[in-house]
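Number of protein chains: 2
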Amino acid sequence: EGGSEARLRAFLDGIQHGSDLADLLEQLEDEDRVRVLQLLAPDDPALAAEALAEMEPDEHPEDSLAALNAVQIAAVVAELSDDDAADMIGEMAPADRDRVLAALPHQDAGDIRDLMAYDEESAGGIMTAELVTLRVNQTAAQAIDEVRRQAHGMDEFYGIVFVVDEREVLQGTVSLRDLVTADPSTSVRELVQDPIAVVLPETDQEEVGRVVSKYNLTIIPVVDGGGRLLGGVTFDDVIDIIEAESTEDLFKFVSVSAEEEVRGGWVDAVRLRLPWLFINLLTAFSAASVVYLFEDTLSKVSLLAVCMPVIAGMGGNAGTQALAVTVRRLALSSERSGTPWNVVGKELLVGATNGLATGLVASGAAFLLCMATGANVLLAVVVLLAMLLNLTVGGFAGAFVPTVLERLGVDPAVASSIFVTTFTDMCGFFLLLGLATELLL
Amino acid sequence: EGGSEARLRAFLDGIQHGSDLADLLEQLEDEDRVRVLQLLAPDDPALAAEALAEMEPDEHPEDSLAALNAVQIAAVVAELSDDDAADMIGEMAPADRDRVLAALPHQDAGDIRDLMAYDEESAGGIMTAELVTLRVNQTAAQAIDEVRRQAHGMDEFYGIVFVVDEREVLQGTVSLRDLVTADPSTSVRELVQDPIAVVLPETDQEEVGRVVSKYNLTIIPVVDGGGRLLGGVTFDDVIDIIEAESTEDLFKFVSVSAEEEVRGGWVDAVRLRLPWLFINLLTAFSAASVVYLFEDTLSKVSLLAVCMPVIAGMGGNAGTQALAVTVRRLALSSERSGTPWNVVGKELLVGATNGLATGLVASGAAFLLCMATGANVLLAVVVLLAMLLNLTVGGFAGAFVPTVLERLGVDPAVASSIFVTTFTDMCGFFLLLGLATELLL
Chain U
105 EGGSEARLRA
115 FLDGIQHGSD
125 LADLLEQLED
135 EDRVRVLQLL
145 APDDPALAAE
155 ALAEMEPDEH
165 PEDSLAALNA
175 VQIAAVVAEL
185 SDDDAADMIG
195 EMAPADRDRV
205 LAALPHQDAG
215 DIRDLMAYDE
225 ESAGGIMTAE
235 LVTLRVNQTA
245 AQAIDEVRRQ
255 AHGMDEFYGI
265 VFVVDEREVL
275 QGTVSLRDLV
285 TADPSTSVRE
295 LVQDPIAVVL
305 PETDQEEVGR
315 VVSKYNLTII
325 PVVDGGGRLL
335 GGVTFDDVID
345 IIEAESTEDL
355 FKFVSVSAEE
365 EVRGGWVDAV
375 RLRLPWLFIN
385 LLTAFSAASV
395 VYLFEDTLSK
405 VSLLAVCMPV
415 IAGMGGNAGT
425 QALAVTVRRL
435 ALSSERSGTP
445 WNVVGKELLV
455 GATNGLATGL
465 VASGAAFLLC
475 MATGANVLLA
485 VVVLLAMLLN
495 LTVGGFAGAF
505 VPTVLERLGV
515 DPAVASSIFV
525 TTFTDMCGFF
535 LLLGLATELL
545 L
Chain F
105 EGGSEARLRA
115 FLDGIQHGSD
125 LADLLEQLED
135 EDRVRVLQLL
145 APDDPALAAE
155 ALAEMEPDEH
165 PEDSLAALNA
175 VQIAAVVAEL
185 SDDDAADMIG
195 EMAPADRDRV
205 LAALPHQDAG
215 DIRDLMAYDE
225 ESAGGIMTAE
235 LVTLRVNQTA
245 AQAIDEVRRQ
255 AHGMDEFYGI
265 VFVVDEREVL
275 QGTVSLRDLV
285 TADPSTSVRE
295 LVQDPIAVVL
305 PETDQEEVGR
315 VVSKYNLTII
325 PVVDGGGRLL
335 GGVTFDDVID
345 IIEAESTEDL
355 FKFVSVSAEE
365 EVRGGWVDAV
375 RLRLPWLFIN
385 LLTAFSAASV
395 VYLFEDTLSK
405 VSLLAVCMPV
415 IAGMGGNAGT
425 QALAVTVRRL
435 ALSSERSGTP
445 WNVVGKELLV
455 GATNGLATGL
465 VASGAAFLLC
475 MATGANVLLA
485 VVVLLAMLLN
495 LTVGGFAGAF
505 VPTVLERLGV
515 DPAVASSIFV
525 TTFTDMCGFF
535 LLLGLATELL
545 L
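Top to bottom, those sequences are chains U and F.
Once you know that position 417 of the first sequence is 521 in the numbering used here, the rest is easy, because the numbers rise by one and skip nothing.
Once you know that position 202 of the second sequence is 306 in the numbering used here, the rest is easy, because the numbers rise by one and skip nothing.
No wet-lab data here; the hints were simulated from the structure.
Mixed in with the good hints, there may be bad ones.
Copies of the same chain are indistinguishable here, so a pair counts whether it falls within one copy or spans any two.
[Claimed, not checked] Below are the EDC-like pairs computed for lysine to aspartate or glutamate, each with C-alpha atoms no more than 16 Å apart in a straight line:
#, residue 1, residue 2
1, Lys-356, Asp-186
2, Lys-404, Glu-160
3, Lys-404, Glu-542
4, Lys-356, Asp-515
Owing to the predicted nature of the structure, the values given are computational and were not obtained by experimental measurement.
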């Protein structure tokens, strides 16, 4: 046991950055994670804290933190940034949460409780309250002394200092570079720049990400309705948000719940996916009922069943392409899009052109099949028309549905491909079997 | 004309940030964009430069830049960061490119040419060469003077200074905060920290994004094979990369080319999507040929054609869910995943469970349909088995295909849903029609 501890220590000596330790911890079982953290907590609590903060939320770093004793918890949490501490403690069971907060200095516990009060996915839920702040009436030299004092030991300081008045109302920002570059007797008042952008604590994190990405900020101030500075959201949290939202958008697109954890267990996956599959079952029944309407036609021309998956599948694919392009277009435009109906027109045109091209090829194949089997060659005309029209419908639906949803103030990403493909399935079957009933019987 | 110019000037006075002007320019026609830039270039070239840099690449800011005269170009490009200038000039037609480079000071044109030599999607293609660099033998006080001198007018300086030796080999980094906080006589040697991570100029931008996101860096140094400092990639470029890669991943997923611009025209969209649709047509023919094998069964039990879209669609949906979760899991793990085969096992289990649940419901519906139409009620058993097995196959394929691709060193995101749904279509038809042939005929 003593030998293995020595080996573990030697091993940990080789690790310099919390992210690398986080990767390692994620490979270990829960009890081994706790053993590593217990070893580290007294000697290098900063490394332990950084590793916990960098672990994937799916890996539940809060469980490892909660398994430490009060002294170890106090040492590690003191090295966590306040927003990471609030996130982690917020994920704990109420009993663990109280025990951990009790282990912290009174002031810190209060600050963390304040942050925990905000919605996790809002600016308040991801902001840090550890900022360097100045008053306008200081000189550059005094300001640098103040930065020196406040920034000491702060783990997220990117050279941006916030200037506030006596009521803590945000006046603007000044960079450490400008303070250093200025004549030492210059007043901060002359150096302060208007804030480029601010957000409210209740602003959704996705919107925070958009603003930070638009203005290239390392930190964006969070203010209350009266303009008082509450905290700041740093670029590293924004990168995490953009990554998480990108997973969420793909998941919505294919009808996977945003709650599903990529490393989650199978029971959770069943629970979260089954409702969507039942919705899909209902939509599949609608497509099937269109087929049922034409059962008589199908029993007379059984080759139509061979064409069904081709027409429906191609329409669904073209519709999904149009949907993906339109959804991303809407997601990436920070302003409400200028000319959305043009998009629908464009996709209609693209669908019709692609429908004509693929329809001609499919129709040629159908012609050969009819010649080989002695079936009515008009089937080739039916296939061409059904393909052309179904891809046109697919392009239209793929662009129209998300555009309308956005107009209605609904997240266009919920226009998951299920609905577009149901629509193209139904239209495809109706076109193929309806045209066949008219032209072949 | 003079009046409209005055109004335009008054309007531009209200705009403070380049991003806002970029949004505005994107709404204008090409010639109006150029008129705005011509007005701005002499008075506020920094705003003009920032706006061009912040425009979406799809909006072709390089065309507006190329339309200016040599004096205006020189003024605007002087305010662009070198990486943005290289990107923009690299997008121009060769004649425009030469004309613009000729308008620049010799040294700047040379630096931009150097950056243009790197692949656009590599670290070299997105790095800036405008860094603040120091030698180890300076004191903190000398270093601050040096920062003051070098950082003046630099538009991307986030408080990180690079320390190099006399051969420009990177020794480490020191933050402006540490320089300010240290005793002025301290040697830089004592303050320098090992670089947390470095990348080579040929490193793919997606990998650069992963490293920056992992270690929360505002700027990551780019070094050549000998360790010489060539430049740095800043967090704002990383945010742009992560957003672009997320669009690309969704596009790959639904078989839209990564080259397609979300605001592109319809002709480009047809050109880029049609090849994928022809691939989809081939896969649809394979599914149709499975149906053709069972034409005899279908002509005897025409209700089977009604069940076909349900079995195939549900399998495709379950497979796509498994694929999305697995692809994101692989994309988000920076290390090669520890236990990938567990994932396949998990998805197999999820597919079987969901297949049983939805199969029972679909089977009940099939039973009622058989009772109503007087068909053989064994069809309900066929539907249950086909659904259970097809969703199991879907879960397996959705997890297996990207996992194998990643093992082979291929980007798992190319396992687009087309291939998984073709597989579930073929299996679904084979299961439904094959079981029906055995049990119903």
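Status of the hints after comparison with the structure:
1. Taking the closest pair of Cα atoms, Lys-356 and Asp-186 never come within 16 Å of each other, the shortest separation being 31 Å inside a single copy and 38 Å across copies.
2. In this assembly of identical chains, the alpha carbons of Lys-404 and Glu-160 never lie at most 16 Å apart, being 58 Å within a copy and 55 Å across copies at closest.
3. With identical chains, the CA atoms of Lys-404 and Glu-542 are at most 16 Å apart within one copy only, with a shortest distance of 13 Å there and 23 Å across copies.
4. In this homomeric assembly, Lys-356 and Asp-515 come within 16 Å of each other (Cα to Cα) only inside a single copy, at 10 Å, whereas the closest approach across copies is 22 Å.
When held up to the earlier numbered hints, the structure conflicts with 1, 2 and fits the remainder.
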